[in-house]
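Visitor: Those sequence lines, one after another, are chains D and W.
Take the first sequence: its letter number 29 is residue 29 in our numbering, and every next letter is one higher.
Take the second sequence: its letter number 64 is residue 64 in our numbering, and every next letter is one higher.
It should be emphasised that the hints constitute simulated quantities derived from the structure, not laboratory data.
Ideal Cβ positions, reconstructed from N, Cα and C, are used throughout, including at glycine.
Okay, the calculated beta carbon distance ranges per label pair:
1) W:E88 to D:I124: 39 to 47 angstroms
2) W:D276 to D:G131: 17 to 25 angstroms
3) W:G311 to D:F82: 30 to 38 angstroms
4) W:G139 to D:F82: 47 to 55 angstroms
5) W:P124 to D:T128: 58 to 66 angstroms
6) D:Y86 to W:A308: 43 to 51 angstroms
7) D:R125 to W:E168: 28 to 36 angstroms
8) D:I124 to W:K387: 21 to 29 angstroms
9) D:Y86 to W:G139: 48 to 56 angstroms
10) D:T134 to W:N291: 34 to 42 angstroms
11) W:Y113 to D:L271: 26 to 34 angstroms
12) D:I130 to W:K392: 38 to 46 angstroms
Calculated from the model, a selection of chain W residues having no Cβ within reach of chain D, i.e. all distances over 12 angstroms:
13) K30
14) K102
15) M137
16) Q195
17) Q198
18) G201
19) P280
20) P293
21) Q335
22) N344
23) G385
As a list, the in silico SDA-like pairs of lysine to any residue whose alpha-carbon atoms are at most 25 angstroms apart:
24) W:K387 to D:I123
25) W:K228 to D:L135
26) D:K137 to D:R125
27) W:K312 to D:S56
28) D:K137 to W:A226
29) W:K304 to D:S55
30) W:K275 to D:G126
31) W:K275 to D:G58
32) W:K370 to W:I352
33) W:K228 to D:I130
34) W:K387 to D:L127
Spelled out, the chains give:
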Amino acid sequence: MEIFTQTIVNGIVLASIYILVALGFALIFSVMQILNFAHGSIYMVGAYVCYYLVSSFGLPTWAALLVSGGILALFGVFLERFGFRYLEKDFNRTLMFSLAVIVFLQTAADITVGAYVKRVPSIIRGLTTIGGITLSKERLVTCVVAVCLLLLVTFLIRKTVLGRQMRAVAQDRDAAALQGINVHRIAAIAFGLSSVLAAVAGGLMGSIIALNTYMGSAMLLRAVTLVIIAGMGSVGGLFVSGLIIGFIDAVLPIFIGGAGSEVVALGFAMLILLVRPRGLFGQAI
Amino acid sequence: MRNKKLTLFVIVLLATTVITLPSLAFAQKKIKIGIYAALTGPFASAEIHQRDGAMLAADWINEKGGITIKGEKYLLETVTEDNKSTAEGAKTASEKLVNDHKVKFIVGGTITYINLAEGAVTEPAKVIRLVNYVGLMPGELTPETPYTFKVGPSVPECIGPSLDYLVEKFPKVKTIAMITPQDGAEIPLTPLVEQAAQKRGLKLLSVVAWPHDTVDFYPKMTQLLASKPDAVFVVHAYEEALVQMVKAAREMGFKGPIPVASYENPYDIVDMAGKDLTPPFWSHGWSHDVNDPQLTSEMKEVIKRAEAKMGKFHNWNLWGWNQVMILAQVIEKAQSLDTTVIANTFRKMDSIKTVFGPGKMCGEKTYGIKNAVCSRLALTEVLPGGKVKHIKWTPYDL
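Use the sequences and the hints to build the structure in full.
Guide: This is the structure:
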């Protein structure tokens, strides 16, 4: 029973982190039609920024999460304003640009901060017993923070003027512009918001796992898988696909060895691409 | 006017001669040592420190006057190439070192598939290569690799001493479960662990292999703990992974001993997994306490120099230092720069000073060639409360 409950909690923790990252990735694609493969690297940088805010500036972890989110939001806006904005009409160039950003961030991290093993201090440490089952407080808090942030962003996208503007730009960029929406401003906000999500996810995950400069690659793969399964434009779909992949990653390694869970997750994504290219919940293209 | 010009010319000529002559007359001969290390990629967090250790050792030897060969002094010069943590990167790095930098000596090497890729370049070129680790994969170290020498203890050597301490300290422990990376080395390592466990009256209940890109160790630890072992035996890991394994095991309620048959730094594990969660835990990493009388004078020298130059000592500084320290002794003993002469001399050396203490040539039993240096293994324990303590040295043979 204890193993079962721990696995359920673990599946939800992984799912919530995956959804945070995937939501940012999907947001940029929806608003700007850009596959920002540097999103995983932003997640990695967010984790390191959070670590240094705690270790070098003495911030408590929760404050470091907020500040690192702010810093990476500015970085996201900077990337959009001085990089992607000029390339947005050209898929190949945006792809190459995002790959270049990955190499730049990865190498910069390797050279500057990658030499020692680090971990973001937990917001809360220790174990708690719920109904006779021992659980990590750190994982429970990570799960709660991630779910709250997801609900907040979902509310922002669905219920606010800004969210409506984002959805309008995502549906038809030219029509949105004709309605007086400043599409560049919306794109910059989308980039900033997506970077906040990646940075906070990195900081949260950085207290569960040890930091490394290549941690973004695995997370990017998960984000892309989630988006493929969910389909574009479906926030609810991302929640479902996040839970699917989170549970595949939490449960399958218990029963099968090696990278079996990745094979299953990617196999599922490939199947979706073949039989239902718009994803389980995406709109028809 | 003409005399003035002539005088000026003579003065300039004399001055130039005075300045350049000493440097020409005393131009120091140099021996170039190639270092291949992962400066990027997943193994960078360890191998960067190995490179630093090798460079510190070169400085240390140079400060003492360098190496003397047939009455001539040679200083050591290091050149590093990044193996990028990949086999392709390792091949390219080795080719650059051998073909572009023309090095005859290379140090580095801790990952099995990277060692194999590097050996494919260095052996045909007759370049002496000192590796720290051999994972028992075919081709890593055999009679067909006469220019490759293993100078550090590998995981197989740690298995016995780790389990000996387990039986000694926890006599009630009867079962173990093994967790190891899925990199090919788990195939030869598993029967070794099984035999070593049986020999000590222990039963190996389960084996779990984890891929190098494992994000979360909870599922793997769930799988491992499902067999209800008395002890979790970590056979090879790197620190990022080990921290997660220890945390996951403890958070899932496992309170038994966690012996580690590897060299991971116990201080980092305590720092990141927590001083309450880590013990009972031990590994074959080394104490950082320069006042510990069990540390060799060279170990203390590495710790002091690393702290002075890099701001922080890292376990792997010792590995890099050890390689250059041994290489310098061998070249001096051979009194030659011919790599075949040096390799033959190396195999015949009765005693070698390693950073960990006295060593000797070995390897015939295990690798079929006397191309390994055997010295002694440290065993370092994390005590209740998080204090790290050197427990003992154990000599090993191969």
